[in-house]
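In case you want the letters, here they are:
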Amino acid sequence: MNKILNYLKENSKITLCTILIALLFIIGNLITGGNFSSLGSTIKFASFTAIFGLGQMLIICTGGDIDLSVGYCATIVSCITAGMMDGKNNNIWRAIIFAIIVGILVGLINGLLTVYTKLPSLVVTLAMSQILQGLVDVYSAGNSIGGKPSPILSVIAAKNTGVFPNIFFLLIIIIIGVMWLLNKTKISIQLVSCGSNAMAAHLSGIKVKKVRVLSFVACDVIAALMGLLLLGNLGLAFKDMASSYVMPSIAAVVIGGLSIKGGQKNYIGVVLGAIVLQTLTNLFVSLGWGDSGKYLGYGLILLLMLIVYVREKVSR
Amino acid sequence: MYNKKGGFSMPAFFKKTEFITIVIFLIMLSVVAAMQGNFFKLSTLQNTIISWTPLILLTMGQSIVIISGGLDMSSGNALSFMLCILSATMHEENPMSGWIALLLCIIAMIGIGLINGLAVGFFKLPPIIATFATSYMWLGAALFIMPSPGGECVNWMRAFFKFSSVDNMPKMLKYIGGIVPTGVFLIILACLIWYVVSRTKLGRYIYAVGSNRNIAYDNGVKTAKIQIIAYLLNSLFVMFAALFMVGQNQSGSARIGDPLTLKCIASAVVAGVALTGGRGNVFVSIVGAAIISLVSKLIFFSNISSDYQTVVSGLILLIAVASSSIINAVKSAWAKREVYSDE
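Listed in order, the protein sequences are those of chains A and B. What the first sequence shows, in my numbering, is residues 2 to 317, in sequence order. What the second sequence shows, in my numbering, is residues 24 to 366, in sequence order.
Hints are computed from structural coordinates only; laboratory data are not their basis. Keep in mind that the hints are not guaranteed to be accurate.
[Unchecked claim] No more than 27 Å apart at the CA atoms, straight line, and that leaves these computed lysine-lysine pairs for BS3-like: (1) A:Lys208 x B:Lys245; (2) A:Lys262 x B:Lys224; (3) A:Lys187 x A:Lys240; (4) A:Lys89 x A:Lys149; (5) A:Lys210 x A:Lys160; (6) A:Lys185 x A:Lys14; (7) A:Lys10 x A:Lys262; (8) B:Lys147 x B:Lys197; (9) B:Lys147 x A:Lys14; (10) A:Lys262 x A:Lys185; (11) A:Lys119 x A:Lys14; (12) A:Lys119 x A:Lys4; (13) A:Lys10 x A:Lys119; (14) A:Lys262 x B:Lys245; (15) A:Lys262 x A:Lys208; (16) A:Lys149 x A:Lys211; (17) A:Lys185 x A:Lys149; (18) A:Lys119 x B:Lys354; (19) B:Lys320 x A:Lys240; (20) A:Lys119 x A:Lys211; (21) A:Lys240 x A:Lys160; (22) B:Lys245 x A:Lys210; (23) A:Lys262 x B:Lys147; (24) A:Lys211 x B:Lys320; (25) A:Lys89 x A:Lys160; (26) A:Lys240 x A:Lys119; (27) A:Lys10 x B:Lys147; (28) B:Lys194 x B:Lys224; (29) A:Lys89 x A:Lys187; (30) A:Lys119 x B:Lys147.
[Said to hold, decoys possible] Computed far set for chain B versus chain A, every beta-carbon distance over 12 Å: (31) Leu94; (32) Leu141; (33) Phe146; (34) Pro150; (35) Thr157; (36) Val189; (37) Arg227; (38) Ser347; (39) Asn351.
Where is the CB? At the ideal position from N, CA and C, for every residue including glycine.
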């Protein structure tokens, strides 16, 4: 019993998330009279948010930066690769290579500007997302967005195996990979030390700026690959298709209990945060509030969580 | 005019970044005026000022917040929130509804300023992420009031746009309104408010808190109060912009303010307001807003196809925001071997 209590104390934020999910689920079931949205769809959309959140976690961890351009990075990839793949499995490699190239380019620009000019990352990436949005407009003005995702992508992103959506298994693989990466390798020390004390990291021989730029690149590559999965899920590409994942991906990291100032890593928390947000969204949808309730709820819960988590570390 | 050694030196003003801003503005103005033949015609000037006014007001508020050490990512969405409140409560046939709308808008203004200010000043959250969260709250609230664009505007409220568009206005005011849009008066009012504030202790404190919050606190400045006041001033100026826009468009939309957020931050940076806080001039930020507006005018005139305009304006905003930092980074790289510094 004592062991369990100690464990709960050590992981208080994860416990809080679990309690929140359960509470929201119970409230949802009470309000809708038992037919609250299914577990499968909740997990599916939460998985998308959680994978976006992985990228955000990396850059928040290394320096407290935030990337707003992930949404349009995914959108531009899915708009262009839809035509590239055209519903054939043979062309998927070209699409993946294209996505990685786009991700590296966007991440490099974001990272270099943020790290070397010391601009606020939110401002840089907001401008970047506007540029990418403009590029999507240019592409869709020239030739209308057509094409289909290759069947493999649809199987991964849209289909279910039994109760669980396939994307959930992908998420589990990613979780295991990330846990190994962040607990057993040298990378984790580099990431965390850059975020918690950049000066000390620099003095102990870690190339802080390089690590931060690379974390931006990793974030945008993940976002670009997510563009492919979103395309597989929806079956077609359109403008604005991924921009609704930007805010939840950031909020998931904060709800998962990571300090917005950097230096902490906990991917399980991010995944749980994503599930909290998705349950919250389902609640608003079942109340019939739609978009307005969703945005209001995201803003409120992000602000409240920030107050709860950041407040305890402020001395003055 | 004379430095300490007695030799002649340039007046201090010409060395400041503000001077460069004004020179850039004058050059761009002359280019645009040359491209657009009738730039100095009265009606063209009026239209120019009308299209600049919301951005100028937002930029002034943004500059105050940045100088006080914060940043407001929510000012665009706050603008659309107030617009939605105004246009949703007003009914054209009932002039009294205008007063109710105005009252509600003032309450919203105080609420927006207080929540932003409390989050940053009292709870000490990082300003960027805190106002990013609140920006979604305003967007959600605006969508809740007005899911699709629409709404009405009572006739007298249009006085905030032009005196001449109100029916029963005294002839004198109508004549003035025919020449000068009310936006000019709103900007002058905002300037007066900031002039009064900057001449008092409060103005000094805003700069002090912006340059170093801890030292200001140690010297007895109530930092939380000062930051809340800075955010309140910001939301007051945003309200001016909302009143102007509801008179201009006679309708509201929840998405109309969103693009202005990045623009007003870029304008403030172009005008030499340092994003680190504590440095900058609110009056010069008007010129910054004018420069950013002129850029979109230049894009319009330079025959770039309309599909490319979002890309180009985004690129220019990015360059505008980055310019001063890049110049500083290059300067410091030239000046000395780089010593690692954490912020």
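To see whether the hints hold, each was checked on the structure:
Between the alpha carbons of Lys208 of chain A and Lys245 of chain B the distance comes to roughly 39 Å, so the proposed pair goes past 27 Å and is violated. Annotation: proposed proximity of Lys262 of chain A to Lys224 of chain B is violated, straight-line Cα distance about 32 Å (limit 27 Å). Between Lys187 of chain A and Lys240 of chain A, the direct Cα distance comes to roughly 40 Å. Violation of the 27 Å bound is thereby established for this hinted pair. With a CA separation close to 8 Å, the supplied pair Lys89 of chain A and Lys149 of chain A stays within the 27 Å bound.
Using a Cα cut-off of 27 Å, the hinted pair Lys210 of chain A and Lys160 of chain A is violated, with the two alpha carbons roughly 41 Å apart. Note on Lys185 of chain A and Lys14 of chain A: the hinted pairing holds, with a Cα-Cα distance of about 23 Å set against a maximum of 27 Å. Proposed proximity of Lys10 of chain A and Lys262 of chain A is supported: the alpha carbons are some 22 Å apart, at most 27 Å. Taking the CA atoms of Lys147 of chain B and Lys197 of chain B, the gap is near 48 Å; set against the 27 Å cutoff, the hint is violated.
Taken as a hint, the Lys147 of chain B and Lys14 of chain A pair is honoured in the structure, with Cα atoms around 21 Å apart against an allowance of 27 Å. For the suggested pair Lys262 of chain A and Lys185 of chain A, the alpha carbons sit about 24 Å apart, so the restraint of at most 27 Å is met. At roughly 31 Å between alpha-carbon atoms, Lys119 of chain A and Lys14 of chain A are farther apart than 27 Å, so this suggested pair is violated. Restraint check for Lys119 of chain A and Lys4 of chain A: not satisfied, since their Cα atoms lie roughly 45 Å apart, outside the 27 Å limit.
About 37 Å separates the Cα atoms of Lys10 of chain A and Lys119 of chain A, which puts this hinted pair outside 27 Å; it is violated. Among the hinted pairs, Lys262 of chain A with Lys245 of chain B is consistent with the structure: their alpha-carbon atoms are about 24 Å apart, no more than 27 Å. At roughly 19 Å between alpha-carbon atoms, Lys262 of chain A and Lys208 of chain A fall within 27 Å of each other, so this suggested pair holds. Distance restraint check for Lys149 of chain A and Lys211 of chain A: the Cα-Cα separation of roughly 37 Å exceeds the 27 Å cut-off, and the hinted pair is therefore not satisfied.
Taking the CA atoms of Lys185 of chain A and Lys149 of chain A, the gap is near 39 Å; set against the 27 Å cutoff, the hint is violated. For the suggested pair Lys119 of chain A and Lys354 of chain B, the alpha carbons sit about 14 Å apart, so the restraint of at most 27 Å is met. With a CA separation close to 26 Å, the supplied pair Lys320 of chain B and Lys240 of chain A stays within the 27 Å bound. In summary, the hint linking Lys119 of chain A to Lys211 of chain A is supported, as the alpha carbons are separated by about 14 Å, within the 27 Å threshold.
Taking the CA atoms of Lys240 of chain A and Lys160 of chain A, the gap is near 23 Å; set against the 27 Å cutoff, the hint holds. Distance restraint check for Lys245 of chain B and Lys210 of chain A: the Cα-Cα separation of roughly 36 Å exceeds the 27 Å cut-off, and the hinted pair is therefore not satisfied. Annotation: proposed proximity of Lys262 of chain A to Lys147 of chain B holds, straight-line Cα distance about 12 Å (limit 27 Å). Between the alpha carbons of Lys211 of chain A and Lys320 of chain B the distance comes to roughly 39 Å, so the proposed pair goes past 27 Å and is violated.
Distance restraint check for Lys89 of chain A and Lys160 of chain A: the Cα-Cα separation of roughly 17 Å lies within the 27 Å cut-off, and the hinted pair is therefore satisfied. In summary, the hint linking Lys240 of chain A to Lys119 of chain A is not supported, as the alpha carbons are separated by about 31 Å, beyond the 27 Å threshold. For the hint linking Lys10 of chain A to Lys147 of chain B, the alpha-carbon distance of about 26 Å falls within 27 Å, and the restraint holds. Taking the CA atoms of Lys194 of chain B and Lys224 of chain B, the gap is about 42 Å. The hint is violated against a cut of 27 Å.
Between Lys89 of chain A and Lys187 of chain A the alpha-carbon distance is near 39 Å, which puts this suggested pair outside the 27 Å criterion. Taken as a hint, the Lys119 of chain A and Lys147 of chain B pair is honoured in the structure, with Cα atoms around 21 Å apart against an allowance of 27 Å. With 12 Å as the threshold on Cβ separation, the claim that Leu94 of chain B sits away from chain A is violated: the shortest Cβ distance comes to roughly 7 Å. A beta-carbon of chain A is positioned within 12 Å of the beta-carbon of Leu141 of chain B; the least distance is around 9 Å.
At roughly 5 Å, the least C-beta separation between Phe146 of chain B and chain A is not larger than 12 Å, which violates its mark as non-interface. At the 12 Å boundary, the C-beta of Pro150 of chain B falls inside the reach of chain A, the nearest C-beta of that chain being 9 Å off. Taking the minimum C-beta to C-beta distance to chain A, about 6 Å, the non-interface status of Thr157 of chain B is violated against the 12 Å cut. For Val189 of chain B, the non-interface assignment is confirmed: its Cβ lies about 33 Å from the closest Cβ of chain A, beyond the 12 Å cut-off.
At the 12 Å boundary, the C-beta of Arg227 of chain B stays outside the reach of chain A, the nearest C-beta of that chain being 21 Å off. The beta carbon of Ser347 of chain B sits about 9 Å from the closest Cβ of chain A, which is not more than 12 Å, so the claim that it is off the interface is violated. Asn351 of chain B, annotated as away from the interface, has a beta carbon of chain A within 12 Å; the closest lies near 8 Å.
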